[in-house]
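Trainee: Note that the protein sequences, when read in sequence, are chains A and B.
292 is the number that the UniProt record's numbering gives to position 292 of the first sequence; each next residue is one higher, with no gaps.
11 is the number that the UniProt record's numbering gives to position 11 of the second sequence; each next residue is one higher, with no gaps.
Hints are computed from structural coordinates only; laboratory data are not their basis.
Treat the hints with care, as some may be off.
Said to hold, decoys possible - Partial list, computed: chain B residues near chain A (C-beta under 8 Å):
| hint | residue |
| --- | --- |
| 1 | 70 |
| 2 | 74 |
| 3 | 91 |
| 4 | 95 |
Backbone N, C-alpha and C define an ideal beta-carbon position, used for all residues, glycine too.
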Amino acid sequence: MAFLSYLANGISLGSVYAIIALGYTMVYGIAKMLNFAHGDVIMVGAYIAFCATSYLGLPSIVAILLAMAVCTILGITIEGLAYKPLRAAPSLAVLITAIGVSYFLQNAALLIWGSAPKSFPSLVGIPPLKLFEGQLIITGEAIVTVIACIVIMIGLTLFTGKTRMGKAMRAVSEDKGAAQLMGINVNHTISVTFAIGSALAAIAGVLLCSAYPVLLPTTGSMPGIKAFTAAVFGGIGSIPGAMVGGILLGIIEIFGKAYISTQLADAIVFSVLIIVLLVKPTGLLGKAINEKV
Amino acid sequence: MLQVNDINVYYGAIHAIKGVSFEVHQGEIVTLIGANGAGKSTILQTVSGLLRSRTGSVTFLGENIGGVPAHRLVQRGLAHVPEGRRIFLQMTVEENLEMGAFTQSPAGVPADLAHVFELFPRLQERRRQVAGTLSGGEQQMLAMGRALMSHPKLLMLDEPSMGLAPILVEQIFEIIRALHKAGTTILLVEQNAQMALSVADRAYVLETGRIALSGTGKELAESDAIRKAYLGG
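Chain A with its partners taken away, still in its complex shape (with noise of 0.2 Å):
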C-alpha cells in the first residue's frame, strides 16, 4: 500500500514537473534558447495567487486566473525586455541573461514579500480520496494536479497540430527564415510562446505550492531546474517528451527519497539523467533529426 502512496506522490508531483517542463520545451523548441528564469516566474505566480485569496480574498478560481494574467504580462515583458535585443546574439549571451532574470526576479520577489516564508493555502477544494478503507489517501491537490497536466497536454497538441497559431510556432521552431519567407511575424510567434509557457508556469506555481505549501522567493528555482531535467530527459523541444520526463521524474524522485535516501533524491535524479543522455543523447521521446538533402 506504500508503494501505490508513494506511486500517487510521484505523478502528482511528477505531473508539476511535466507542466513547468512544457513552458521549458516550448520556449527552447521555437527560440531556441534556455530560459531560466522560467523557474521564478512559477514563484512569481504563486506569490500573485497567494496576495490574491489572503490579502483580498478573492476566490481561487478568480486567484488563479490573476496569477495567469499577471505572469502572461511578465513573461511577455521578459522576452522584449531581455530576450529580444538578443536575437541574433551568441546564444551563450541568451543564456547568461537568463540566469540574470532569474535572479532579478528572485531578489525583486525577496524586495516585495520579504525573506520570510509564507504558508501557502491550498487553492484546491477537493477532499481526498480513500481507497482501500483508508489505507491509501490521494489528496485532492494530487487528483487536480494529475487532471491539470493532462488537460494542458491534450490542450497543448490540439492546439500546435490543428490551429493556425499552432502550426505556425512549429513551423517556427523548424526554420526562422523560411518561417518569415510564408508571412509568419516570428517576434509575435516568440511572444505568443512565452506568453504560454508563464500562463502554465503561474498554474504549475500554484498547484507546486498547494501540495508544498512553504512559499520563498526561492521557491520556484529548485523545480525550475528540475523540469529542465525532466525536459531534457524527454527530449527537449518535444511535448510528449516533457510530459513523460516530467512524470517519470517525479515518480523517480519520490521512490527515490522513500526506499533509498532522503538526502540523496535530488542526486538519484540528475544520476537518471545522466544515464539517459548516455544512452540516448536526445531524450526519451527527442528525435535525430534526419534531413535528406
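Here the structure of chain A is known, so what remains is to put chain B in place on it, guided by the hints.
Mentor: Okay, now just chain B, sitting in the frame of chain A:
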C-alpha cells in the same frame, strides 16, 4: 514591377553586393546567372527582406520596400523560394502548403490546395506524408507549391535545379514555363545557365557582386563570353 537600384549589401566587413541594379517587368521571366558566390542568393534575400542593403533602394509595385520586414512582403505579393528549398521537414506536405497560405484567408485554402495539387500531382499522393521523407525533386515541388499558395505577383526562385537529376530539372523548368504562361512574373536565380537562359526573357550575369553583362536570354545564350564562362565552350 521590381526595381533594384544600386544596392550595396555587406556581411560584416565583406562587401558582398556592389552597386547592383536591375529590374523585372510585369509578366517577364528574368534570370540572374553567375558562379557560386557571385551574390545571386544575397540579392534575392535582400529583395525579400531577409537581408538589408546598406545603400540603394528596392521598389516593388511602385513602393519602396527597403526595411520592410520579410513577413510583410508576402502579403504584398512577393514569394521567395529559398536556396536549398527550406521546407518544414517535420511537418506534413499539406501542413507545409498551409503555411504557404499563412497570409491568405482560410476560406480560400482548399481551392488553392487543389490548384497546387493539379500542378504537382505527386504532392497530392503524398499530402499526409512528413516532408522530410520526400525525394529532392518532390521537395523542390513542395517548396514551389508552398510559395504559390500565397498568390504571388512576383515569384523568386533560388536555384530550383540544384541537386536534381536532369529529367527532374526538365520537369521543374516545364512548370516554370507553365507558371509564366499563366501570368506569374518570375525572377529566377540559377547556376544552370543554359536552362535558365532557355526560359528567360532577359538575363543578368553576376560576377563577384557586380552585374557584368545583361541582355535578352537569347542574346546571352549566343554570346561568346557567356558560352566560354558558363556553357562549357
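Trainee: Please write out, lowest number first, the hints stated earlier that are contradicted by the structure.
Mentor: none
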